[in-house]
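Novice: This is what each chain is made of:
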Amino acid sequence: MRDFIFYLLVIGAGTGGELCVTRAMKAVGEVKDFRPAALLRVLLSTMRVSWMWVGLTLMGIAFFSLLVVLSRENVSLVVPVTALSYAAGALGGKFFLGEQVAPKRWMGLLLVCIGVAVVIIGQQ
Amino acid sequence: MRSSGGLHFKTFLFIFLMVIFGPLGNVLLGKGMKRIGAAAIGSPAEVFDLLSRVLTSGTIWLGIGSLITFFVAYMLVLSWADYSYVQPTSSVAYGMVALLAHFMLHEVVTPMRWMGVLLICLGVLVVGHTPPRTTEPG
Numbered sequence: 734m735r736d737f738i739f740y741l742l743v744i745g746a747g748t749g750g751e752l753c754v755t756r757a758m759k760a761v762g763e764v765k766d767f768r769p770a771a772l773l774r775v776l777l778s779t780m781r782v783s784w785m786w787v788g789l790t791l792m793g794i795a796f797f798s799l800l801v802v803l804s805r806e807n808v809s810l811v812v813p814v815t816a817l818s819y820a821a822g823a824l825g826g827k828f829f830l831g832e833q834v835a836p837k838r839w840m841g842l843l844l845v846c847i848g849v850a851v852v853i854i855g856q857q
Numbered sequence: 088m089r090s091s092g093g094l095h096f097k098t099f100l101f102i103f104l105m106v107i108f109g110p111l112g113n114v115l116l117g118k119g120m121k122r123i124g125a126a127a128i129g130s131p132a133e134v135f136d137l138l139s140r141v142l143t144s145g146t147i148w149l150g151i152g153s154l155i156t157f158f159v160a161y162m163l164v165l166s167w168a169d170y171s172y173v174q175p176t177s178s179v180a181y182g183m184v185a186l187l188a189h190f191m192l193h194e195v196v197t198p199m200r201w202m203g204v205l206l207i208c209l210g211v212l213v214v215g216h217t218p219p220r221t222t223e224p225g
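One line per chain: the protein sequences are S and P, in this order.
Residue numbering for the first sequence follows the numbering used here, beginning at 734 and increasing consecutively.
Residue numbering for the second sequence follows the numbering used here, beginning at 88 and increasing consecutively.
It should be emphasised that the hints constitute simulated quantities derived from the structure, not laboratory data.
Mixed in with the good hints, there may be bad ones.
Just some of the chain S residues that point at chain P, by a computed CB distance under 8 Å [what the hints assert, rightly or not]: (1) T755; (2) F767; (3) P769; (4) V787; (5) L789; (6) S809; (7) V812; (8) Y819; (9) A821; (10) R838; (11) L842; (12) I854.
Derived lysine to aspartate or glutamate pairs resembling EDC-like cross-links, with alpha carbons at most 20 Å apart [unchecked claim]: (13) S:K759 with P:D169; (14) P:K121 with P:E133; (15) P:K118 with S:E751; (16) P:K121 with S:E751; (17) P:K121 with S:E806; (18) P:K118 with P:D136; (19) S:K759 with S:E806; (20) P:K118 with S:E806; (21) S:K827 with S:E751; (22) P:K121 with P:E194; (23) P:K118 with P:E194; (24) P:K97 with P:D169; (25) S:K765 with P:D136; (26) S:K837 with P:D169; (27) P:K121 with P:D136.
Built from N, CA and C at the ideal position, the CB exists for glycine as well.
Kindly generate the complete structure, drawing on both the sequences and the hints.
Specialist: Next comes the structure, spelled out in structure tokens:
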């Protein structure tokens, strides 16, 4: 049960963090100039968007939770289970960012979820 | 104009770096955390103790370095290659993690777990064959 909470944090906080970073990057706008000075300006702009800080904090929590889970379970179990973040990301993308998730993408995500279920069942 | 062969070579090189360093980073984090032992974080003192052990572990820093290398390679390859071309390669990483865990950490990867990993790879591959952008750029 305790591990379940950390898995939930890895997937939930990790995906939430990525969604917040995506939202921040969308607010900054598409990066078209890849020269170092321009990239530095983009970096400074992202730091002024509060979503970026929320995102980085959530990603930090996810990383720390991943370390906790890795101290208890095998890597070959933990990493496949974190693939559930694809499904969490699609849900977040749909409801948080207003993305349209095509049926084909849902089908792929279903396969990911079945794969994770098989990995977990194989563990027990 | 840049030759197509050169662009292909550069793309494959960076994707190769991604497929190696992403899983390697995770495996090194796993190895480092196994050395530290099962994390107990019941009190602030235990959290602080865990953090100090994590931050002084060379293996974990190697893992973080590998993950940063993966991330930089990912960002760079996305600057010239299509997302829909690059993203499905991340599915290979799940198989690579299982392989590295087996050979580097001597973990037992059961046939059932291989089957699950294969299904995950297929699922990520299907996701990668959908349009990468469904909203209008802001």
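Novice: All hints, please: hold or fail.
Specialist: Status of each hint after checking the structure:
1. T755: 11 Å, violated
2. F767: Because about 6 Å separates F767 (chain S) from the closest Cβ in chain P, which is inside the 8 Å limit, the hint holds.
3. P769: 13 Å, violated
4. V787: 19 Å, violated
5. L789: 14 Å, violated
6. S809: 4 Å, holds
7. V812: 4 Å, holds
8. Y819: 6 Å, holds
9. A821: 13 Å, violated
10. R838: 4 Å, holds
11. L842: 6 Å, holds
12. I854: At about 7 Å, which falls below the 8 Å cut-off, the nearest Cβ of chain P leaves the hint on I854 (chain S) intact, so it holds.
13. S:K759 with P:D169: 18 Å, holds
14. P:K121 with P:E133: 17 Å, holds
15. P:K118 with S:E751: Roughly 26 Å separates the two Cα atoms, so the pair is violated.
16. P:K121 with S:E751: The hint is violated at about 27 Å.
17. P:K121 with S:E806: Holds, at roughly 9 Å.
18. P:K118 with P:D136: 18 Å, holds
19. S:K759 with S:E806: 36 Å, violated
20. P:K118 with S:E806: 11 Å, holds
21. S:K827 with S:E751: 14 Å, holds
22. P:K121 with P:E194: 12 Å, holds
23. P:K118 with P:E194: 11 Å, holds
24. P:K97 with P:D169: 14 Å, holds
25. S:K765 with P:D136: Distance ~44 Å between K765 (chain S) and D136 (chain P) Cα, so the pair is violated.
26. S:K837 with P:D169: Answer holds: K837 (chain S) to D169 (chain P) is near 19 Å, not above 20 Å.
27. P:K121 with P:D136: 15 Å, holds
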